[in-house]
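From first to last, the protein sequence lines are chains W and D. At position 256 of the first sequence (counting the first as 1) the number is 255 in numbering that gives the first Met the number 0, and the numbers step up by one without a gap. At position 131 of the second sequence (counting the first as 1) the number is 130 in numbering that gives the first Met the number 0, and the numbers step up by one without a gap.
Read the hints as simulated data drawn from the structure, not as lab findings. Treat the hints with care, as some may be off.
Quick list of simulated restraints, FRET-style, between CB atoms [unchecked claim]:
hint	chain 1	residue 1	chain 2	residue 2	range
1	D	169	W	322	50 to 58 Å
2	D	160	W	28	28 to 36 Å
3	W	307	D	359	40 to 48 Å
4	W	208	D	245	16 to 24 Å
5	D	319	W	228	27 to 35 Å
6	W	327	D	357	37 to 45 Å
7	W	228	D	329	39 to 47 Å
8	D	28	W	329	22 to 30 Å
9	W	327	D	180	50 to 58 Å
10	W	389	D	28	50 to 58 Å
Glycine included, C-beta positions come from ideal geometry on N, C-alpha and C.
There are 2 protein chains.
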Amino acid sequence: METTQRVEIDGARVQSLLDELHAIGRRPVGGTFRGLYSEAWREAHARIKGWMAEAGLEVRVDAVGNIWGLVPGREAGPPIVAGSHYDTVPDGGKYDGQLGHVGALVAVEALRRQLGQPRRSLAVLAACEEEGSRFTCNFWASRAITGAIGADEPYQLRDFDGVLLADEMRASGFDPARVAEAATNEIGAFLELHIEQGPILGRMADAAGASAPRIVGAVTAITGTGRLLVTLTGQPDHTGTTPMPGRRDALLGAAEVALALREMALGVGPLARLTVARMEVFPNIPNVVAGEVRFTVDARHPEPAVELQLMESARQRAHDAARTRGLECRVDELWNQPPVQMAPALVETVRQSIAALGYRPVDIVAGAGHDSQLLGRRFPTAMIFTITGNGGRSHCPDEYASPEDCQAGVEVLAEALRRLAY
Amino acid sequence: METTQRVEIDGARVQSLLDELHAIGRRPVGGTFRGLYSEAWREAHARIKGWMAEAGLEVRVDAVGNIWGLVPGREAGPPIVAGSHYDTVPDGGKYDGQLGHVGALVAVEALRRQLGQPRRSLAVLAACEEEGSRFTCNFWASRAITGAIGADEPYQLRDFDGVLLADEMRASGFDPARVAEAATNEIGAFLELHIEQGPILGRMADAAGASAPRIVGAVTAITGTGRLLVTLTGQPDHTGTTPMPGRRDALLGAAEVALALREMALGVGPLARLTVARMEVFPNIPNVVAGEVRFTVDARHPEPAVELQLMESARQRAHDAARTRGLECRVDELWNQPPVQMAPALVETVRQSIAALGYRPVDIVAGAGHDSQLLGRRFPTAMIFTITGNGGRSHCPDEYASPEDCQAGVEVLAEALRRLAY
Chain W
0 METTQRVEID GARVQSLLDE LHAIGRRPVG GTFRGLYSEA WREAHARIKG
50 WMAEAGLEVR VDAVGNIWGL VPGREAGPPI VAGSHYDTVP DGGKYDGQLG
100 HVGALVAVEA LRRQLGQPRR SLAVLAACEE EGSRFTCNFW ASRAITGAIG
150 ADEPYQLRDF DGVLLADEMR ASGFDPARVA EAATNEIGAF LELHIEQGPI
200 LGRMADAAGA SAPRIVGAVT AITGTGRLLV TLTGQPDHTG TTPMPGRRDA
250 LLGAAEVALA LREMALGVGP LARLTVARME VFPNIPNVVA GEVRFTVDAR
300 HPEPAVELQL MESARQRAHD AARTRGLECR VDELWNQPPV QMAPALVETV
350 RQSIAALGYR PVDIVAGAGH DSQLLGRRFP TAMIFTITGN GGRSHCPDEY
400 ASPEDCQAGV EVLAEALRRL AY
Chain D
0 METTQRVEID GARVQSLLDE LHAIGRRPVG GTFRGLYSEA WREAHARIKG
50 WMAEAGLEVR VDAVGNIWGL VPGREAGPPI VAGSHYDTVP DGGKYDGQLG
100 HVGALVAVEA LRRQLGQPRR SLAVLAACEE EGSRFTCNFW ASRAITGAIG
150 ADEPYQLRDF DGVLLADEMR ASGFDPARVA EAATNEIGAF LELHIEQGPI
200 LGRMADAAGA SAPRIVGAVT AITGTGRLLV TLTGQPDHTG TTPMPGRRDA
250 LLGAAEVALA LREMALGVGP LARLTVARME VFPNIPNVVA GEVRFTVDAR
300 HPEPAVELQL MESARQRAHD AARTRGLECR VDELWNQPPV QMAPALVETV
350 RQSIAALGYR PVDIVAGAGH DSQLLGRRFP TAMIFTITGN GGRSHCPDEY
400 ASPEDCQAGV EVLAEALRRL AY
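Assemble the whole structure, with the sequences as input and the hints as a guide.
And the structure:
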């Protein structure tokens, strides 16, 4: 095992940068919103660029607004990159995305100051967009980097006010015709520090007690997400004049499926999720039996075959419920984003870095989407998860990560970068 | 048993009057809409008044727009009244309400022509409003007749466009300050012929076969309707990052209740109805566990004690589901309209009239609201139900009653009126 040369991380600086960013796009009530190419986004963009320059990094902004801060290494070759996104959801919290690029900046700064020039090049990436909260274009940053944005997309995507993405790009100083230039192969490995956005690590920490070593997550995979739209059609009879037997009640069919899918997921195991969370009832009148119900099924599992099996089982279950209740059933697949496995060697580096610092490494599957999802298909990629407070709540103003957990996460990131680049 | 002197009913005239009315307020696509005090309503009002006058009835329009057509009897005393409402729901069919006042007109006309002046006075009532489809004021006619309309109501009720009921009253030639003058005690008995608006009589007829005697319903009671609003509150967690165990999913709670209430109603018996037909999910986003679900419970039974028990059981069931799923539960009673028993002697007259004409009398409970519901609390009241085609569909353009069933209903009404008034 490698020796550990502990890199000192300025936790207070991490917090102050997070606070500074959180104020940009802050709403009078609630959280922060920095949609892609919005005014708040531009302000954050300039601020982050400034921080990187002050830290002595070689700053480069690519064609879509990703900010790269390079520390050239002694050897040739693509840099080891660490970062995350700087956009936010509406009423977003302080940590989602931000901890990843702020943490990378503080970690790389500390490494350079304390250990000098690295052997391999290092880079901080502040990615322009991941959330899909303004335009229906999520993973804009990582799709641009991997060359996955169509040339016409900037001229088609509009925000909820009808504003064209291309116009907002131009207003932000970018040329929508040059999006393709953001594509690059110059990533030797990608490390993303992120809050878990779920309750798993926190529950383990609670179970272990306050005196146990702090838990940090080593992400082994990003779960796959399948999305189905189920439409059950029955008959909108009068609730008073129509006896219970013989009704074709679409709402009861949907209720049966929602309950059954929960049991199905529990039967498959702790990594499986099947959720009915959006439901529309027609005509949705108290005294008319539901004639039609449309609901979504959100199916997740980190193993591709299991994820596909969950979707197929959900589809079957909907058809079964329809058959026994005299309903028509239509199932549309809205999308299927297959799981992504993190690079095993990098995950092992993360685990060892956590342990070397006296923390407790816990393998975990990422349940939500991340920049690492797309970058992980092209470059060796791993993620570090920190405990998320308030039961794991995220995408809301009361998203929380303790200063101690933030600091531990940045320490682990720095240690992993040290092992990879020095 | 009384002898039957068969009154000849002109079924073709019934159909042609129904057709004429159906054209007033007809939409280019779909059914008819004659909201209270609308232009279409005014046209129908004038037309019906004309028909009554042509038939030689003494026509009187009361303070809210109910049209009364009197045939004075030889003896003093309040008239035997037959009728129903002439307003319609949006996209309404040809029969709901209309068969009752058109049938009463044709029946009274035939009685007078064929049997001369009655012993007791007879009256046709074309009631101005029952559906509550334009203003939130259903039973406007029968509430006016029973003196149940508050003096300020015309100045408070508005339609969906914000138009004040008082203004539309004035535009229709009525004085909103004089609503109270429509109240009357001059009803000796009330008979309402109506389509069933449900599948029960039709299913019995199908089971009996084409050669069996035609079925006509003798309504014994109008079901009571309780309406609850249940709010289940859980936690809006991320569907990807939150394991299935430990979720507080409000949608699953609602699903459990909806399914359980159906079983509960089936257990109570064929007259019980418990329906969840309106459901709103928050935030209603595919990847956020339902944090709150609000749904209505529609509870019906013709026996007051059972109806109350259904509501109480539904309330309990919602609280039980909430408890086991870690949800908060709030149940609001939106209203409770107790059942109304029809007058036993009048129901018996209806039964005997059906049988005397060679039809098959079937006792039935009315599952929807009717003018008879309010009038039945003050005056001896009974209803005659005819088979409704298309599986009992109503409040829609494909509402249907066969000419033969319409004719049988009007014949029964005429025979019952003969027995009561001659």
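Look at the Cβ atoms of residue 160 of chain D and residue 28 of chain W and judge whether their distance stays inside 28 to 36 Å.
With Cβ atoms ~33 Å apart, the hint holds.
Supplied distance hint 50 to 58 Å, evaluated on CB atoms of residue 169 of chain D and residue 322 of chain W
With a Cβ separation near 57 Å, residue 169 of chain D and residue 322 of chain W satisfy 50 to 58 Å, so the hint holds.
Determine whether the Cβ-Cβ distance between residue 327 of chain W and residue 180 of chain D falls within the hinted range of 50 to 58 Å.
Given range 50 to 58 Å: holds, Cβ gap about 53 Å.
Is the distance from the Cβ of residue 327 of chain W to the Cβ of residue 357 of chain D consistent with 37 to 45 Å?
holds, 42 Å
When you take the CB atoms of residue 28 of chain D and residue 329 of chain W, is the distance between them in 22 to 30 Å?
Once the Cβ atoms are compared, 25 Å apart, the range 22 to 30 Å for residue 329 of chain W and residue 28 of chain D holds.
So does residue 228 of chain W sit 39 to 47 Å from residue 329 of chain D, Cβ to Cβ?
violated, 31 Å
Take the C-beta atom of residue 307 of chain W and the C-beta atom of residue 359 of chain D, compute their distance, and say whether it sits inside 40 to 48 Å.
Given about 58 Å between the Cβ atoms, the range is violated.
So the hint says 16 to 24 Å: do the beta-carbon atoms of residue 208 of chain W and residue 245 of chain D match that?
holds, 19 Å
Return holds or violated for the Cβ distance of residue 389 of chain W and residue 28 of chain D against the range 50 to 58 Å.
Distance hint for residue 389 of chain W, residue 28 of chain D holds at roughly 52 Å.
Determine whether the Cβ-Cβ distance between residue 319 of chain D and residue 228 of chain W falls within the hinted range of 27 to 35 Å.
holds, 31 Å
In this structure, the hints that do not hold are numbers 3, 7, in rising order.
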